[in-house]
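Residue numbers (my numbering), protein chains in the order written: chain Z, 1 to 251; chain F, 252 to 559; chain V, 560 to 835; chain B, 836 to 1111; chain Y, 1112 to 1365.
Quick caveat, the hints were computed from the structure, so don't treat them as lab data. The model shown is predicted, which means the values in this text are computed figures rather than measured ones. Cβ coordinates follow ideal geometry from the N, Cα and C atoms, glycine included. One or more hints might be untrue.
[Stated by the list, open to error] Cut-off 16 Å, straight-line C-alpha distance, at most; resulting in silico cross-link-like pairs (EDC-like, lysine to aspartate or glutamate):
id: 1; chain 1: V; residue 1: Lys827; chain 2: B; residue 2: Glu863
id: 2; chain 1: B; residue 1: Lys957; chain 2: B; residue 2: Glu970
id: 3; chain 1: V; residue 1: Lys702; chain 2: B; residue 2: Glu861
id: 4; chain 1: V; residue 1: Lys682; chain 2: V; residue 2: Glu694
id: 5; chain 1: V; residue 1: Lys702; chain 2: B; residue 2: Glu970
[Stated by the list, open to error] Reference excerpt, derived from the structure (chain V facing chain Z, CB under 10 Å, subset only):
id: 6; residue: Ala624
id: 7; residue: Lys650
id: 8; residue: Pro655
id: 9; residue: Leu659
id: 10; residue: Leu667
id: 11; residue: Arg720
id: 12; residue: His757
id: 13; residue: Arg759
id: 14; residue: Thr795
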Amino acid sequence: MASRLSFLRSALPVAAALIGLLLLWQLGAMLFDVPTYILPRPGAIVATAIEKAGLLGSGLWITSVEAVLGFFVGTLIGLAAAVLMILAPPLEVALIPLVIVINSVPSIAFVPLVLIWFGLGIGSKVAIGALAVSFVVLLNALAGLKRPEADAINLMRSFGASRLGILWRLQLPAAMPSIVTGLRVGLARSTIAVIVAEMMGAYAGIGQIIYQSTAQVDYLTVWAAVFVASLGSLVLYGVLVAIDRKLVWWR
Amino acid sequence: AEPVSVRLKWLPQAQFAGIYVAKAKGFYEAGGLDVTVNPGGPNINVETLVASGADTFGIASGTEGVLYAREKGLPLVCIGMSQQMTPFAYVAYTESGINSVKDFKGKKVATWFTGPQYTLFSVLAHEGLAQSDLQVVSQPFSMQPFIDKQYDVATVTLYNELNTLKEQGITDIKLFLPDDSGVTTQQDSIVTSEKMIKEKPEQVQAFLDATLKGWKYAFEHKAEAVDIVLAAGSGLERKHQELMLDEIEKLMVAKLGTTEGLGAIDMKSIAAVQDSLVEFKAMKAPVDLAAAFDTTFFAKVPAEDKKM
Amino acid sequence: MLDKRAEGASGPAHLQLVNVWKRFGEGERQTVAVRNVDLAIQPGEFVTLIGPSGCGKSTLFNMIAGLLPPDPDGSVVFKGQPQQDGALLGKIAFMPQRDLLFPWRTVLDNATLALEVEGMSKKAARQKAEALFPEFGLKGFEKHYPQQLSGGMRQRVALMRTFLFERDLILLDEPFGALDALTRSMMQRWLLDIWAKHKRTVLFITHDIDEAIFLGDKVVVMTARPGTIKCEETITLPRPRDASVVTTQEFMAIKRKLLAIVEEESMKTFAAAGAA
Amino acid sequence: MLDKRAEGASGPAHLQLVNVWKRFGEGERQTVAVRNVDLAIQPGEFVTLIGPSGCGKSTLFNMIAGLLPPDPDGSVVFKGQPQQDGALLGKIAFMPQRDLLFPWRTVLDNATLALEVEGMSKKAARQKAEALFPEFGLKGFEKHYPQQLSGGMRQRVALMRTFLFERDLILLDEPFGALDALTRSMMQRWLLDIWAKHKRTVLFITHDIDEAIFLGDKVVVMTARPGTIKCEETITLPRPRDASVVTTQEFMAIKRKLLAIVEEESMKTFAAAGAA
Amino acid sequence: MSGSPNALRRVLANPFAAIVIVALAWWIAVPLFKIEPRFLPPISVVFADGMSVWRDLAAGLWRTLLETVLGFLAGAILGIAFGVGFAYLRFLERAFFPIFVALQTVPVIAFGAIVVIWFGNTIMAKVVIALYLAFFPVAVNTLRGLETTDPQRIALMKSFGASGLQLFLKLALPTALPSIMIGLKLGISLSLAGAIVGEWFGDTVGLGVMLLQSLYFEQIPRVWVLIVACGALGTVLYGFLALIERRFVWWRPD
Ligand SMILES: Nc1ncnc2c1ncn2[C@@H]1O[C@H](COP(=O)(O)OP(=O)(O)OP(=O)(O)O)[C@@H](O)[C@H]1O
Ligand SMILES: Nc1ncnc2c1ncn2[C@@H]1O[C@H](COP(=O)(O)OP(=O)(O)OP(=O)(O)O)[C@@H](O)[C@H]1O
Ligand SMILES: Cc1ncc(C[n+]2csc(CCO)c2C)c(N)n1
Ligand SMILES: [Mg+2]
Ligand SMILES: [Mg+2]
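Chain Z with its partners taken away, still in its complex shape (with noise of 0.2 Å):
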């Protein structure tokens, strides 16, 4: 009852907030009379989107199947390589500079060499998926798992607890916010990445179905694509929202 309420009063100001939003782009579209070409109406999107529900579902299920599967991974990867950089400090420090080169390339460079790995299914979206991610959540982890202070690692330090002890008592709880934190920002560039690499190199989802209807000048279904797949990772929003709510409940 409560969970239901506080859900309502979250998605709430989101649908007002997005329902207007959509009314000034119709209203806006048809006073300017905007070519479909140049800026298709919200209306008129809906209304694709609903007639070619069936091709549209079927490609947002295996996106979001990518997309998430790759999150995982790619957070797993990400919260592993923060855990072993804490508990071997050399390694982090051999190892951050050889980070930041990779996270510094665009991961858009990296989809026809995974292409070319793992293959055109669904494989090499779940690698660069997880690539995208993985180093957000391990910036983000590490910093985080740097936060307590000396004082509070010392004091672990004299119960005699381990390195493993600190980090599973101390450290991991202190760094929930700045992970969470990471994952909403790899929410969102995983998505894009399987995406554009589906636009790139696959055999289904919403990235083909972009990709297709661009060249068929078909900007409607190239919009009602987008569309869903927003409202897909908008979903996937709430439910970190809600992730995020457990873990970090004290603040």
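Given the coordinates of chain Z, assemble chains F, V, B and Y with the ligands onto it according to the supplied hints.
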């Protein structure tokens, strides 16, 4: 000189040598035009940019692109066609035992889903195959999956991917040309907007004259043309561009290109393409071809500028 | 008697500090926090440590607990063995000056932290801790978070956390600093009970001279920064001690003596002020 | 005399609390922190506040400073005017129990914080603050960061920050809690000097009964949680007071009386323990 | 004895040492594990290929750097502004934050034509895309950082009569700065990605153009040249931010 722009369907390369040569040799300037060449890229839809007025002219995808654009109501007109022959071809490894298009049956065939898939469908139809007889998949712009044998047949353009394969030492392949199956789809359409044709036909004429003259000059002075292309792009390989120019010449001087001259519009092949697109439900209904393709400008191009 | 216990030459000292130094920073801005400290503590002894604010008491504790390496000049000897850096971690129950409660743990779970680190099951640890809540005046606050406690309550939680970590040597850094007089005197009596029952060795920092005398077998006075041992005063007041001991002549005499010593040191901190 | 000052019925009280309450949380887990507090403070009066740990002293201060809205039952009256929520912000010099120094500011810049907020130029503020460093025994630490200070030094920085913020009414929450006896008595004397010179009104929380008596015109004793005023004791010891006043008969008598009252209250906190 | 791990650390922490180590590993690993060139070409081949186009590479680096920095600055300013706005106007956050999240997942490269129509063929288009991508992490981290401001410190400042602006400048902002720096460091690499994607919309100069071309021509060594170039550019920018951080934002909130 009037400032105008031309949008290409891809990055600077020998595929567009005529444009760059016309600019570099001052053909546009002589025609009273100050041309800016804007390259293309992935998801840069030339038809949209030209129809919206963002660019004055364009070298767009090809027959099917003009038809889609017209069907969606874009005020776009084609005034010339660069490639007279279908530039797409299908490749299979010699060892695969595929000796004709008919042997595609039951195979995994990759093609680009940016329009060329309908060329494949037409070819299949001409060869008496149903689409359900084989598995057609979307091809990425890398040839690597074909090299890795992830599918049996792949699509190439004669001017690029085929050369890429050869450069990587892959020569034990067979080539199947759509034209051999009786399917011709002209590519690299020269387009402008209805507004330009109505308001500044003299500029449209001047642009087409100079462009075709540029092409002719490029084919007659290939080394110089490649130099000009290399200067326009960044990080281009001379060897690859030379091969590309050779292949582009073959495609442009084929068929009507030999009789009518560079840039000729083949209304018969266009009608055939439209019929197949309607048949394959890529288009809901046919469009008015006379409005979409304006041959009057091509007719007025001086013969010495377009005839090789 | 004084010589024997304080110098620890004869008996095997539980803990012995030999020429311990600590310097912070380098060059111009170097602060010498602790200088040339020699100190021996016998098994089961209750030693209280006083000295002017900023003289290096907490720094000394950190070095004993193994949290801060002493400068290479000297060494920390535990049960007769010189200890390397960090060797004493986990062997000493240490309560830092700041409470350092974890905001994401309830009061109960903050109290059981050390036990969990030791490997005790969460359930057993909670059971053990819950029993102490009434004694610490925290009954009913088990499920609260530290943010919801008063300063003195937080300090009591930190103290409880330390006592649940049962070790032979206990280091307490101003454990009663935030408590009111009565709560403080209750906690003092409770501490003496525990100490008498289990005969643990206690090293106790305070800034309250009464408290130092009331609790200690020995009061150690440190000089102003850079801190070193100024003197050690053995307290021979009979045990068990009662609150009324504070008013005895003997107590007063010791207090006056210590006050004079401490006053001299404290003035040094403000020497510059006097000059100005 | 007692009646006149404590009730504040005749003179215009500087600060008056009327039926002030504060409850935290809701339903089952509600904690009543402060209950039905009535208190009047005359201009220039030095009032000390004692009470068992967790009884609501800090909460009361927060409400007076305007940081925490009192429950709607009662009101805070300042210079005769009932104050709305937050109306007193910026009018009272307030020193919280935790030092709350900013880790990114040097000691000097922490001290000048309130002055900067007031709009004083950085340079002028620093000049003004620097003059106080010797008196606070912090000379030479101007450019240090809070992390490099001892507990007592941090507290002195917080105190300096409060005093630089010159206001008629000063609220101090255990300002000397982390100081050693001598530093503490120096700071006490310094505080009395300032107070005598500028006749500011001071409200001072302490858990040290000696300190409360030594400093105050009036000692206010709070009950155990939920805290309310148990009694007010006017201290008629002559001023200026000297450290030796602590040993007078009069002082001892007051102390015994207050100790008895406070003891009764403190026991309530541990009532559950006694039962167990 | 105690000096050697420290010396090792210092060597490892040196960026040049890191480059040399990675290059050596690459040089040795390719023949050792018989890695196929299509996965990872030998470093010598990549190096030679890079040298053969060094002029274009230098021009590309410069152009991409310019676009990235301009887009990043704009995105950072906007991101911080929105982060602050979200922190202080909660209804804004609740209504619009999720929409920004959704906008982040809009694949800009789907809208090449529209970007060109709206912003033309100028550097503006790249800057806008770089801004768009950098904005989000900066905004999120600013918001998160501001949220961690200690309520007791806020109370203290209020008791001094601090205005909202003073609270922000003297307390909230310094508290949030470490977190904002994380956002900026994430944002700068995204700006670079934005600039590179932006160059795919009809540009002639830039690392993105060269990257696209090498993909099209299947020049795997050239792809690696560009990956290294992007990595170098991004690392320099990141290093610059890290330097600023070390110099000015060294504290951690307690
Ligand atoms: N934010 C809060 N939420 C819930 N309870 C609170 C909160 N703040 C204070 N309390 C409760 O209010 C009561 C009084 O707290 P307060 O800090 O005023 O005590 P105090 O008299 O200052 O104690 P001490 O001398 O130990 O500092 C305590 O029982 C505490 O648990
Ligand atoms: N990390 C550090 N860097 C530099 N100086 C430090 C550091 N830690 C402590 N100091 C200095 O060492 C001296 C002793 O500090 P310490 O905390 O040991 O004092 P203390 O005796 O515990 O004082 P208090 O009674 O006020 O807690 C102080 O002058 C302090 O400034
Ligand atoms: C008509 C046509 N479609 C696709 C390709 C192959 N190709 C080259 S670049 C690129 C990506 C951007 O569209 C693709 C798929 C082609 N050569 N011609
Ligand atoms: Mg200390
Ligand atoms: Mg308090």
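Cross-check of the supplied hints:
no.: 1; hint: V:Lys827 / B:Glu863; verdict: violated (54 Å)
no.: 2; hint: B:Lys957 / B:Glu970; verdict: violated (21 Å)
no.: 3; hint: V:Lys702 / B:Glu861; verdict: holds (15 Å)
no.: 4; hint: V:Lys682 / V:Glu694; verdict: violated (20 Å)
no.: 5; hint: V:Lys702 / B:Glu970; verdict: violated (44 Å)
no.: 6; hint: Ala624; verdict: holds (5 Å)
no.: 7; hint: Lys650; verdict: holds (7 Å)
no.: 8; hint: Pro655; verdict: holds (6 Å)
no.: 9; hint: Leu659; verdict: holds (5 Å)
no.: 10; hint: Leu667; verdict: violated (14 Å)
no.: 11; hint: Arg720; verdict: holds (9 Å)
no.: 12; hint: His757; verdict: violated (19 Å)
no.: 13; hint: Arg759; verdict: violated (16 Å)
no.: 14; hint: Thr795; verdict: violated (32 Å)
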